[in-house]
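Heads up: the sequence lines are chains A and B, in that order. Quick note on the numbering used here: the first sequence kicks off at 1 and runs consecutively. Quick note on the numbering used here: the second sequence kicks off at 113 and runs consecutively.
There may be inaccurate statements among the hints.
[Unchecked claim] Distance condition first, Cα-Cα at most 30 Å in a straight line; then the derived DSS-like pairs of lysine-lysine:
| id | chain 1 | residue 1 | chain 2 | residue 2 |
| --- | --- | --- | --- | --- |
| 1 | B | LYS154 | A | LYS57 |
| 2 | A | LYS71 | A | LYS9 |
| 3 | A | LYS57 | B | LYS180 |
| 4 | B | LYS113 | B | LYS154 |
| 5 | A | LYS9 | B | LYS154 |
| 6 | A | LYS57 | A | LYS9 |
| 7 | B | LYS154 | A | LYS71 |
| 8 | B | LYS113 | A | LYS57 |
| 9 | A | LYS14 | B | LYS154 |
[Said to hold, decoys possible] Anything over 12 Å on all C-beta distances counts as not near chain B; from chain A, calculated:
| id | residue |
| --- | --- |
| 10 | GLN11 |
| 11 | VAL12 |
| 12 | ASN70 |
[Claimed, not checked] From the derived model, a few chain B residues whose C-beta atoms are all more than 10 Å from chain A:
| id | residue |
| --- | --- |
| 13 | GLY128 |
| 14 | ARG167 |
| 15 | SER177 |
Hints in this document: simulated from the structure, not taken from any laboratory. Just so it is clear, CB atoms sit at the ideal spot from N, CA and C, and this is done for glycine as well.
One-letter residues, chain by chain:
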Amino acid sequence: NAGVTQTPKFQVLKTGQSMTLQCAQDMNHNSMYWYRQDPGMGLRLIYYSASEGTTDKGEVPNGYNVSRLNKREFSLRLESAAPSQTSVYFCASSEFPESTQYFGPGTRLTVL
Amino acid sequence: KQEVTQIPAALSVPEGENLVLNCSFTDSAIYNLQWFRQDPGKGLTSLLLIQSSQREQTSGRLNASLDKSSGRSTLYIAASQPGDSATYLCAVSGSARQLTFGSGTQLTVLP
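My request is simple: use the sequences and hints to build the entire structure.
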């Protein structure tokens, strides 16, 4: 099993450009999450989807949108990238919201 | 708002030593607590999950304890090995089932 996969692995954007980060899981999990990791800030939750068809804001949702495309896939979109969005983005999934979370390898995003 | 603190931020020990990593949280109304490991440039790997009703969990050389009333958890690593070198993160799940992470302890085990 591949577990949680993320694409792309690296991305460089210019301020104002848009992009979508893709995430897929093959564990038949109900819940999926997007986090960002910044030095000294730890991991912070951007958005999550407790189950297919639902999405909710996390701690730092501003500047982002998400789509739970189906049970397997959960995408994160930056409509107009800003340098403050330079970060490492992780997708995770769990069977239920209270279960162990499994993380993808991350996407390193730089916004110039 | 839940805050999670991990002390120390970095720790260096010789191979074979037993060690304890600490995690504290401000709101004791948690659902569970999870310990993760992160290798440089990689994603997080789950190590242990302790439900709020449990006192400890064990997996191999790892033992995690939870004292919910005092807002503390410890991760005990027995007979440390160089392969244990990584950053260890704890995270607590509250009523909304969202994880709040600490900033981690960077562990180096010297051969």
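Note to self: Checking each numbered hint in turn, tell me which of them this model violates, lowest number first.
What the structure shows: none
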